[in-house]
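Novice: Heads up: the sequence lines are chains A and S, in that order.
Residues 1 to 403 in full-length UniProt numbering are what the first sequence lists, from first letter to last.
Residues 1 to 403 in full-length UniProt numbering are what the second sequence lists, from first letter to last.
Treat the hints as calculated values from the structure; they're not laboratory data.
Misleading hints may appear alongside valid ones.
[To be verified] The calculated label-pair distances, taken between Cβ atoms and stated as ranges, are: (1) Asn23(S) to Asn335(A): 52 to 58 Å; (2) Ala62(S) to Glu217(A): 38 to 44 Å; (3) Asp167(S) to Lys27(A): 33 to 39 Å; (4) Ala54(A) to Asp167(S): 34 to 40 Å; (5) Glu237(S) to Arg150(A): 46 to 52 Å; (6) Phe281(S) to Lys90(A): 41 to 47 Å; (7) Val291(A) to Gln87(S): 40 to 46 Å.
[Stated by the list, open to error] Quick list of in silico lysine to aspartate or glutamate cross-link-like pairs, EDC-like style, CA-CA up to 16 Å: (8) Lys349(A) to Glu245(A); (9) Lys48(S) to Glu45(A); (10) Lys48(A) to Glu45(S); (11) Lys221(S) to Glu113(S); (12) Lys3(S) to Asp167(S); (13) Lys250(S) to Asp198(S).
Note that CB positions come from ideal geometry on N, CA and C, so glycine has one too.
2 protein chains.
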Amino acid sequence: MLKVLKFGGTSVGTLERIQNVANIIKKIKDEGHDVIAVVSAMSGETNKLLEYAANFSNNPEANEIDMLLSSGERVTSALLSIALNEQGYKATSMSGREAGIVTDNAHTKARIESIDTTNMKNALNDGKVIIVAGFQGVTEDSKRVSTLGRGGSDLTAVAIAGAIEADVCEIYTDVDGIYTTDPRIEPRAKKLDKISYDEMLELASLGAKVLQNRSVEMAKKLNVNLVSRSSFTPEVEGTLITKEENIMEKPVVSGIALDRNQVRVGMYGVIDRPGIASSIFTALADANINVDMIVQTRGLDGTTDLDFTIPRTDWEDCKKVMEKFKTETKNIDYNDTICKVSIVGVGMKSHTGVASKAFSALANENINIRIISTSEIKISMVVEEKYAELAVRALHDAYNLDK
Amino acid sequence: MLKVLKFGGTSVGTLERIQNVANIIKKIKDEGHDVIAVVSAMSGETNKLLEYAANFSNNPEANEIDMLLSSGERVTSALLSIALNEQGYKATSMSGREAGIVTDNAHTKARIESIDTTNMKNALNDGKVIIVAGFQGVTEDSKRVSTLGRGGSDLTAVAIAGAIEADVCEIYTDVDGIYTTDPRIEPRAKKLDKISYDEMLELASLGAKVLQNRSVEMAKKLNVNLVSRSSFTPEVEGTLITKEENIMEKPVVSGIALDRNQVRVGMYGVIDRPGIASSIFTALADANINVDMIVQTRGLDGTTDLDFTIPRTDWEDCKKVMEKFKTETKNIDYNDTICKVSIVGVGMKSHTGVASKAFSALANENINIRIISTSEIKISMVVEEKYAELAVRALHDAYNLDK
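Okay, chain A solo, but in the shape it has when bound (with noise of 0.2 Å):
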């Protein structure tokens, strides 16, 4: 097999930590298996430098802070490979450059254009372990340097992946999986061993220290088989991020989602006239303001009713927006002791009942839901605050997710 692994920059944090990564591979080529691994810089790195270009400018040019932040991959991967060759595994280091990547011209937070596999075919023909220098590649048009981003690393990996046709990508971190739901809430939460592309979206949260959106619908688009693992526990299989069709029994739920980072808008007394709730969403649009869940009620006097979550860091953005229809509206008014708890599953395509059972198990908690809204695979409820741990408990146990 061909496999791409990332390490994340806590991965290769010490030189221990480098020496462990070395020795993870190494086990990979025993078995016989092909290795590029795409290496962050050591962690805090990154943010040394961010600091020492803040010392000189506010703003400082994206072309030069991605000159300054590829030089910590860099770092890493030769570290890397100095460590395998040593072993007598042959080893070689590549730049973004030397990996084929060439990205748009978005310095700082460039999108991968084309890989050039040509320069890694012939590395892994030669029998070599490659180290890639994550989160970089060159612009098409001035051949500088350009860095991805945050998350760049992973992109990288998922990218090279997909185009060199690689079996798996593995995501190594120091979390060893997707659990059914925060582990912190619910001690009885389980690793996952596959999940769907979609079902992962969905569940971002759960998968928020360990693979970004970003990364999960490029494994998606280019069909990669993605896995999150942990460089700290190698010997524990991760959960492999797939293809609906790879999944053979398709669970009803397979997971619980908390967000806690959303405010409630209300807006009530909506003077009802045709196209306002669509003028309100297009401003709030227009505005970059991610709205999530939207309900709307008639309320009194033929007037309309609207209630929508925001995340919290668009709530100052909002506000703004909003005094554009305070003439129309009897009252606005924001709550953000409140969270969303989604449920979400596959499965739910196919079966029924699968609400009604979550409404009753947060009902005989007595949880009051603000808001509900349902998708083919997913189903998000908001409710106050204070109840988000029992809330999460008691449908991961209506599930039966701790079998």
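Mind docking chain S on chain A? Use the hints.
Specialist: The following block gives chain S in isolation, referenced to the frame of chain A:
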């Protein structure tokens, strides 16, 4: 004027010092000059990375060391460019690759083969200050990053200055020029305004901290006007190292150099067969031992005495070679309590009595001269090490170098 500036590790050792370098460049730009600045890694950075590598291997691959070490200069170049842009000076960093520097394939001690100045010329035409990451290029064959070894950033600066036909190449360190002798020995030592390449090469020990012979040799070959000056006192004019023709008033003696790292080898009663001296010095050359001063005198019984000096670092190797000649020699002894003082000056060529003035100056101080050797522009004398400082001061005084 087009000026190439080079700032070493100490000059860019902290963020404050990088800001100081930005100020120096700004002032030169304000005076109407074009600037290409070559920078080293922040001091300590390269050693830190080498220690990291040593943690994994005693014999790391040279090309991986280059990948590792080249990151340090990239960081400095980006930071300096950010600092300049922030102050409204258009600047761009360039890696060795971007600066067009192509080397041979001898990783960690590569030699510059060619410089394609297109990229730099375009940036200069755009009115930009160019900040080149020193010490690095890319190999001709595999296009991998390579480093130039010790003093590599100086070489980068001199080679760029030669290739782009700069008017001057200023090497900034923490020393403000070349002195007539070591000021720690003779406080009355004076900074030289000008000195020829050949004198500088002979006075290597006086420039040891600021200029390496490899750079001076390249400057001579490429006809680059080299200036040694300090980034800590940029208002002080440094010392210009240039070709002899550019120096109108040629001093008889420019400076007094001292070398304490020599060992005197004495071979007494060498059987005087034809070719014996030749076979001894051939054997030493084959062992890469740098023999400096040689004196042959007739000993007793038709035998020969041979006296010569070698660098202290070659002592052990020399002893091994001497083993082979044991049977042809009555006695071989070594003396490391000696030193070599040298008088250097291009004016010597056209003046007589220079040597005799040196001999009487030392005689007046009762300093015995063990070996003498002379070249066109240098007179070297081996004396007992305890007289080192006294000999330097006596000679400095004899030639009125403090005037």
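Novice: Check each numbered hint against the structure and report the violated ones by number, ascending.
Specialist: 3
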